Amino acid sequence: MIRLPIAAVSISYAEKPAVTGFLHGRQDEIMNKEYHIGIDIGSTCAKLAVLDENQNLIFKSVQPTGWSSVDTAESIRQKLLDEGINAEQASCVATGYGRISVPYADKMITEITCHARGAMWLHGGSELVVIDIGGQDTKIIRIEDGRVKDFVMNDKCSAGTGRFLEVMANTMALRPDEICELARQGGGTAISSMCTVFAESEVISLIGQGEKKENIAFAVVESIVNKVVSQSSRLDVRGAAVCLTGGLCECAYLRENLSEKLGCEVQAKPEGRFAGAVGAALSL
Amino acid sequence: MELIQDLPEVFEEFAEQRKNSFLAVKKLKEKGIPVVGAYCTYFPQEIAMAAGAATVGLCSTSDETIQEAEKDLPKNLCPLIKSSYGFAKADKCPFFYFSDVVVGETTCDGKKKMYEYMSDFKDVFVMELPNTQSEEALKLWKSEMIRFKEYLEQKFQTEITEEKLREAVRLQNAVRSSMKRLYAVMKHDPAPISGYDLFKVLYGSTFKFDKTLIPGEIDSLVEKIEKEYREGKMQGKKPRIMLTGCPVGGATEKVIRAVEENGGVVVAYENCTGAKTFDKLVDEDAEDIYGAIAARYLDIGCSVMTPNKNRLELAGRLIDEYKVDGVIEMTLQACHTYNLETLGIRRFVTQEKKLPYINVETDYSQQDVGQLNTRVAAFIEML
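Residue numbers (this note's numbering), protein chains in the order written: chain X, 3 to 286; chain Z, 243 to 625.
These are computed hints drawn from the structure, not numbers from a lab. In this text the structure is predicted, and so the values were computed from the model without any measurement. One or more hints might be untrue.
Computed, partial: chain Z to chain X, Cβ under 7 Å [claimed, not checked]:
#1 Q613
#2 T616
#3 A619
#4 A620
Positions of the beta carbon are idealized from the N, C-alpha and C atoms, including for glycine.
Construct all of the structure, not just a fragment, from the sequences and the given hints.
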């Protein structure tokens, strides 16, 4: 494959996007560059990650999955074309609940395997426990020797998932990230129901009783963290390096709370949401 | 006897056997042949056979009658029990309808209590299966064999002679031996056929009423499979899975499909569908034939037994002989004994056999197929 000088745009954690090369060559020559595309169509959000041949993350995006994974996949394909990437020609792996809806994907791999790969890319090492709090399910994956050794998945109930946080945030007229930070200032209140629907009723009662917002927020985060901790007890995470991926990895307070309850430091990276998409991109 | 049909046709025929037998059972009744319905691998086939009866399995595998069953039975109950009761009560199962007597055992709590209600509208003979596999338990189980024999003699106005019984033992042993030879084809690596096709034959053959035909048919099938394997017809190299746990069939075939549509092959069935039912033979030469029959059945390694060493022995043997790469256990919701046993099986598989293990708990609905596929696919990706 002939390599022509083209504009190379790289995005890393700290730097701003920079043009490190110069534009030279036609559109289709740009399209001949080796791209590895990973698409993670989750129940709530669809994530896209593009890696170059050196496993650098050169493009990422997130959009709501909406109600048609097929339409979402098409809109992603279009988005890639706008960036000069032809998804049909590049290596493309689809993962997530909507992975069967990506017609131009070369391979479909489960989100468990992809999150594991993506988390290793993000955090390094070959022994890791990945806690992925997704939109509607939560996965805990144990990686040993660079491979998935065991996993537990809660996909029958939305307790301990992003949905729980979303529903409570809605009830409290806050954004999910606002609840997380507000929770830091609260304490003393607990939500007794496991079930999201009943918990919502409880939150409404608490509001009606004049309970302080920060205390309710505290209870919401406690609830999620407790559910995740209880799930992880089925896997024996003691002594392992633990990381958090998925949309909630950006909530510092939640991560700290989880770390405290698990008895070990739970790491998170800003790109944690893209662990599945990156893992998919790494898979071909 | 050489098989004229192609293998895919043969497998489809077995898949259709249950439905074809709906008409066959009616014909049997018209000829005056008694029919005994059964629910369990512990049911002593030979005694019914010696009474001149045809036997048929009544364990239901569809969720269509569960709503009906939930009018009488609690929702939080094994779907197999609810479904079976529902089919019986709603008169939707021709096998149940045409059975002159239905035999149950005191196996699990759910079945025990369900039989109480079923006897309101059907002749149910409940055998007292012990909870353990001790010497004392064997005495009880042997006496139950004899009580069952006397019941059938009375009910069908016939005599179960020792000669007829020994003949039945020989025939049923021949059936078991043929079935074992059949599933032994999966010892080949790569596998010669899919686990789903194997299942179709294992399950379908239990609905063939004339057992004398089974050994010949199955042996020809084995010959054909082996011949085609020598000619190079085989599945590709795939991760080899042993399926264990609760019975698989009908609605729960989704688990087999989840494995095989995601790159794996089921090479061994430890559960009721496979080895658990056929593994052991009755000692044909024993002097005490009732004792020999009782011993053979009591030895079955089901989770209703405590302790359940024989299940671990069988599972371990299958893992070794079939070069299993990973174990998938399917348990039904509300099945206490199997769900409780998953911990023991997990420990055995991961610590002693050093293989990956996953448990999927499911019911008869098709709503969790997506989640099932994700879990099973992820498990296979691990191998």
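Cross-check of the supplied hints:
With a cut of 7 Å, the hint placing Z:Q613 at the interface with chain X holds, because the nearest CB-to-CB distance is about 5 Å. For the restraint placing Z:T616 at the interface with chain X, the shortest Cβ-Cβ distance is roughly 5 Å, inside the 7 Å limit, so the hint holds. For Z:A619, the suggested interface contact is upheld, since its CB lies about 5 Å from the closest CB of chain X, less than 7 Å. For the restraint placing Z:A620 at the interface with chain X, the shortest Cβ-Cβ distance is roughly 4 Å, inside the 7 Å limit, so the hint holds.
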